[in-house]
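Visitor: The lines below spell out each chain.
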Amino acid sequence: MKIVIKNKSELPIYEQIEQQIKAQILEGKVAEDEQLPSIRQLARDLKISVITTTRVYNDLAEEGFIISVTGKGYFVAPSNNELLRERMLCEMEEGFEKAVLNGRNAGLSDDEIIAALKKFMEE
Amino acid sequence: MENILEIKELNKAYDSFALKDVSFSLPKGYIMGFVGENGSGKTTTIRSILNMANIDSGKISVFGLDSVTDTIAIKERLGVVFDSLYLADHLTAKQIEKQLKPFYKDWDSKEFSGRLKSFGLPDNKRVGEFSKGMKMKLMIAIALSHKADFMILDEPTSGLDPVARDELLDILAEYIENENRSVLFSTHITSDVERIADYVTILHNGRVWFTGTKDELNEKYVILRGAEEDISSALREKCIGFHGYRNGFDALLSTEYLSEVTDKLETEKANIDEILVYVAKEDRHERNDENDKV
Amino acid sequence: MNEMMKMIRFDLITVSRLTVPYVAIFVAVSIIASLFGLTFGILCVVNFVMIIAPIQGINNSSCKRLYGMLPVRRSAVIKALFTEIFVTMFIGELLSFLCLFIGRSSSLYKMLPENLSRIASNYSELPESKYMKMYLFAAAAFAFLTIVLCFAQMRSEIINMEAAIREFLIIVTVFAAVTTFISVMIYNEKLRALKDILLPPTTAGKWLSIAILNAVTLAAAYIFCTVTVKKASNKEL
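Protein chains in written order, with the numbering used here: chain P, 1 to 123; chain H, 124 to 417; chain V, 418 to 654.
Keep in mind that the hints were calculated from the coordinates and are not lab data. There may be inaccurate statements among the hints.
[What the hints assert, rightly or not] Derived pair list, reagent style DSS-like, types lysine-lysine, alpha-carbon separation capped at 25 Å: (1) V:LYS423 with H:LYS233; (2) H:LYS228 with V:LYS481; (3) P:LYS8 with H:LYS392; (4) H:LYS182 with V:LYS481; (5) P:LYS47 with H:LYS255; (6) H:LYS387 with P:LYS98; (7) H:LYS151 with H:LYS270; (8) H:LYS343 with H:LYS361; (9) V:LYS647 with H:LYS182; (10) V:LYS623 with H:LYS221; (11) H:LYS221 with H:LYS255; (12) H:LYS240 with P:LYS47; (13) P:LYS47 with H:LYS270; (14) P:LYS98 with P:LYS118; (15) H:LYS270 with V:LYS547; (16) P:LYS22 with P:LYS72; (17) H:LYS255 with H:LYS240; (18) H:LYS131 with H:LYS343; (19) H:LYS221 with H:LYS270; (20) V:LYS423 with H:LYS255; (21) H:LYS387 with H:LYS343; (22) H:LYS392 with P:LYS47; (23) H:LYS217 with H:LYS233; (24) V:LYS647 with V:LYS547.
Source: prediction; values computed, not measured.
Construct the complete structure from the given sequences, taking the supplied hints into account.
Guide: Below, the structure written as structure tokens:
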């Protein structure tokens, strides 16, 4: 598993890690049922606080990406990728909705908003 | 959650300085950053924990034991790292081991020589010739060799180069992998604790200004910026360390008042350093106000 | 090992690397010198005392942080300190006895050039009763130094170093004045009784005086130590 933390990012550290783990699970880079490093190992490896990694795992478990097995640790949840994809799509739509709303408030036409999106994606 | 350190209403007065009702606790398994300006009382608090200072009132327990009556039992399991070495300069690490070994039931010589090796400390060189970073690592090696479950570091990074500071964080991250251990890390270089600390206690003028998890601290305060005419006087009253200049102002604001912030003002996350700066500024304002009254 | 012994061991290691080679060379030199006559032996012993006194100071150098982190009671630290003072001074006394004994028994002085050997032989040929005075003098000197050192240690633990040094100077001055006065009185045959007590005429009497001197020194060290433990154990570091 690959995790890169940017100190200067606006996103809090826990969100950066969550996003990266989620992406790797969805892309299949981490096999299902694979064991994840323990909370304390991860904290040590990334040199971040234990509370932060605890939060990451709790959030991921809540969202169904990973499961906690008492006494053994955390594992990638067995392939329920459909459900997870669904959730990601849902989040994307919410983001679009907000973006479109803000764009319209700013007085942009729909074409201008789409052009802005395209430009954003090219970056 | 079991607390490895618990301080309740600690009071200690000197002629020109006093700790007032200092209370905080550190659960087992976590790192606490203990921050504040120089002279805010960090060292006095640590001296009180170590029973080097006689406290006026209050109670300190470490491992559930009383810091005054059980100080010997506590120190058996406590590792201390000061900003300078407490051992004779002319001795070698090997001789220092010989000195210290009898004091600890659980002294592990293998661990000690292993640590010297992994920390890159020669065992046949006088420790007085060690660099500052090496001295710090030697004190940590000592703590690890007597199986300390709680490590107190008093300003360990002052005067250390960035490489040595990073090494220290590595060592602490490894140390805390064992969930029965805790670290109290006093420093005024807050970037050291910004990332690794789970809990933060901010001491200011001998009082606890904040104590809690680092996330709570991060979520509790924001930096507010804008033009002075855009802030209501009611909100301005609630600002901490308000700093006005020709083109605008900046200040620290508790997030509980976020609803009163208008669109014209900007907010931004505050790191520990910035929080400390605004707290100090607020203090200067109060002093100025008092002087004005006089 | 009890706490005090651990602390003595600790101090011994601290001091050893600095001083063991010097002390060893020094003891060897003074014994060899004594072989050639008493004068040289005495000179060396005096030097020995001057070397020992600063060693005591080393333990004292600010170890506050050390005592703050070590699992050891303050009382054990203090007891160790006083024991160290007494034992080192007692070893110094025994060493000077040894030098005196060798100086009298050895006839190696004959090998020295004539003018030097005359000085040395003067002492070797002293009668037993006069020679014993030297032992008594050595014992008295060490008793005095031990008591003063213990007292200074007590004051420096209870108050601070500067005050202790000031008191130390006053005590030495007063003591010197009193001894000079008594010596003059005895010399003028004014205090016969006191002289017999201080300088018993018989050899056995002199050994008894030496034993009493040592016992008094031990008692004084013990009392100073107890007072220090009582007053300074709870002092802040």
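Visitor: Against the earlier hints, flag every one the structure doesn't satisfy and list their numbers going up.
Guide: 10, 15, 20 and 24
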